[in-house]
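K.L.:
Here are the chains, one letter per residue:
Number of protein chains: 2
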Amino acid sequence: MAENKIPYKIYLEENEMPKKWYNVRADMKNKPAPLLNPGTHEPMTAQELGGVFCEELVQQELDNENQYIDIPQEIQDFYKMYRPSPLVRAYCLEEKLQTPAKIYYKFEGNNTSGSHKLNSAIAQAYYAKKQGLKGVTTETGAGQWGTALSMACSYFDLDCKVFMVKCSYEQKPFRREVMRVYGASVTPSPSMETEIGKKINAEHPGTTGSLGCAISEAVEVAVKNPGYRYVLGSVLNQVLLHQSVIGLETKAALDKYNIKPDIIIGCAGGGSNLGGLISPFMGEKLRGEADYRIIAVEPASCPSFTRGKYAYDFCDTGMVCPLAKMYTLGSDFIPSANHAGGLRYHGMSPVLSQLYDDGLMEATTAIQTDVFEAAEQFARVEGILPAPESSHAIKVAIDEALKCKETGEEKTIVFGLTGTGYFDMVAYEKFHDGKMDDYIPSDEELAKYAAKLPKMD
Amino acid sequence: MAENKIPYKIYLEENEMPKKWYNVRADMKNKPAPLLNPGTHEPMTAQELGGVFCEELVQQELDNENQYIDIPQEIQDFYKMYRPSPLVRAYCLEEKLQTPAKIYYKFEGNNTSGSHKLNSAIAQAYYAKKQGLKGVTTETGAGQWGTALSMACSYFDLDCKVFMVKCSYEQKPFRREVMRVYGASVTPSPSMETEIGKKINAEHPGTTGSLGCAISEAVEVAVKNPGYRYVLGSVLNQVLLHQSVIGLETKAALDKYNIKPDIIIGCAGGGSNLGGLISPFMGEKLRGEADYRIIAVEPASCPSFTRGKYAYDFCDTGMVCPLAKMYTLGSDFIPSANHAGGLRYHGMSPVLSQLYDDGLMEATTAIQTDVFEAAEQFARVEGILPAPESSHAIKVAIDEALKCKETGEEKTIVFGLTGTGYFDMVAYEKFHDGKMDDYIPSDEELAKYAAKLPKMD
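Heads up: the protein sequence lines correspond to chains A and B, in order.
Okay, so the first sequence: first residue is 1 according to our numbering, each after it adds one.
Okay, so the second sequence: first residue is 458 according to our numbering, each after it adds one.
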């Protein structure tokens, strides 16, 4: 099809939307390492995991075999409310950069949660409802995941209890209020409602909390209350499975116009968006059917891929969760007050960690001021005000497009625009006022946390 | 086509998007009354208007003859970045209400301005650029129009000076920051930068401003600075013309599935969204080709259609603008602190005023608490967190759907969902905390302002 026939936005028809999720683990030669029991260091059984997670989600978590898993009709119907998301040809950005590169982005921000998080939230809420549970607990940092889960729980009439990192709870009252619209209860973490919360408050008076700490609280409440389970918005295998809908739609849209990307770029915190976006492309790569350059972009302030260790570590501060083998900075690592809240996690998806370790993808970092410069440049020509997280991918996509300008190569670049920045205006204000924090941890600092990784047998 | 074939979201293809705006005035037997010179009370000439507005926009303002006006290619291209907007079948809301009615909404919130305002902003910026102007001035209340204009000016590299009603400037710092992302300068109004601002500040020390006052300041700056013109986001004929893209897309989407609406509902402040949504349907009605029930919904706190006078009045507090014949509460009327900021204007579009006076449409009011209850009910089943303005239409759409439930009628209801409420969380918080203001002005209060309407010859 001729170049000029490609519309600004490629939308799939409703009947072209994915009916199955793609499980990249089925095609991986080296499977991701299993979750381990933190006491025995033995692989977690389905029964053990069932105390924390919903039954069917446990099956999905452990499933390294099935290449495709049916998306239940109820979830497909919910997806139809806000999906398919558009694959946008960034004609205006290309024009502005004067690059021969062709730039596309998959925009996941057109729903009230403001991000891709809803793709997994609705799946996790569905299975909780199916199991007859009363409700679910979770943690949230910047608030996108908490908002998404609130929306999903409201839809299925499930109770939703969110532990929100205290500094975000105080700095982002509007996010909290959106969750309230959807009927969720939101508690600042660390709270005095859990044992681990009381302990952390006692040890660190006045602490403003962290994701790892909020996870511990949410897990504790789920385990202690009958009819409740814990759900998580990133890192886990099941989350990457649900998020494969992003990549499947992207690939279907590209295939419609016979477009083959050269480079695929995504921001990476816990890995949910990146893992979802790249999954079918990585599948082709694993099966030897095609090759792509795949780039993960993480903040220089929280560089788990690029400067972390590939090792078993705790997923939370309270050390109540299973051990996961992943690229990690150490579960005690507290990133600086980087405003890309969704990228401040100390670890990385075990699936992506294995793929990265096997040399199947690259990783790079970006400093915050550069990220916001790219964000503003993008907003002014493409209209959309991007989330700080997504803007890490924008920054590297622009860099790659400018390289093409130098070399004259007409590469096709696809990146994930995971969400909007409407609730991040404090960060934009700091950027405009020249008060942005560009802290990069020193080698000594990282070594200190790495030394505290759990000793394995 | 069978009922079950209708998708959740009807998207037009890019080549099905409107290439012309529809000018409803061409089909009106009784044309809207002309704008008058406030000094002479004679109809404003194109030359007089040209001192305030861009040349081509003046032509559009005065054009009562041409049924269709070409959308310039540059504007069509910009529209492609965020349009077509989806026409959504509210399956989930219908299910929740257990109504036989079929409910559709045209969703205009999927762009960074968060509303339909961008449709006219980009047109006005385009004509300003084409005329070789340096920049434009405007006012904004809630901030949606200011944001839209900032985006449009950034795209065409035009200077953009926004006077923001002081109380909004202080209460909505995030809106201000979004405008800053797009390079606009934002001044709280009344300011000390204009003669009228100084006068109002002197007469009303500590005033938090009003739309009428911000308009006066913006007009003053446009008139006094060479290379600048004033632009406005509602009320004017040209704005309704640009906004006809909403209705044209809606009609094209409905026609694709052979759907004929019975009732069309929109919120009404100055009339930009309602006028745009209904335009092609009203055209059919005026030409005797079809009949529709058309309902305008205004806040009980600012009831220009339902309790105002149809008379010539000033559009601004400073009385520097032309006189317009419209349903009005009087240019001194300051609505209570109703959070549906975009519906707080004292007057109403002259086109809609004439159509309403001719009995071609109905109007009703809603009180704020009811509006937020409808908003929350909608958000929980349809996902989208609506703007308070749009929620007036939701409220009446739900009421009509519930009437169908009683009578068993399978009516088709279409309403305009003009935007999202992401920057209105303070209002949602007040609603949740039971602190919502449901003030309704008394007859005595309205009579006091009506008595001050300008005396015409």
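Just so you know, the hints here were simulated from the structure itself, not pulled from any lab data.
We put the CB at the ideal spot given by N, CA and C, even for glycine.
Heads up, a few of these hints could be off.
Derived EDC-like pairs (lysine to aspartate or glutamate); straight-line CA-CA distance at most 20 Å [said to hold, decoys possible]:
1. B/LYS486 x B/ASP748
2. B/LYS887 x A/GLU362
3. B/LYS587 x B/GLU522
4. A/LYS9 x B/ASP534
Some, not all, of what chain A presents toward chain B, calculated at C-beta under 8 Å [claimed, not checked]:
5. LYS80
6. GLU177
7. ARG180
8. LEU286
9. GLY288
10. TYR292
11. ALA379
12. GLU382
13. ILE384
14. GLU429
K.L.:
Against which earlier hints does the structure fall short, listed by number upward?
P.N.:
2, 3, 8, 9, 10
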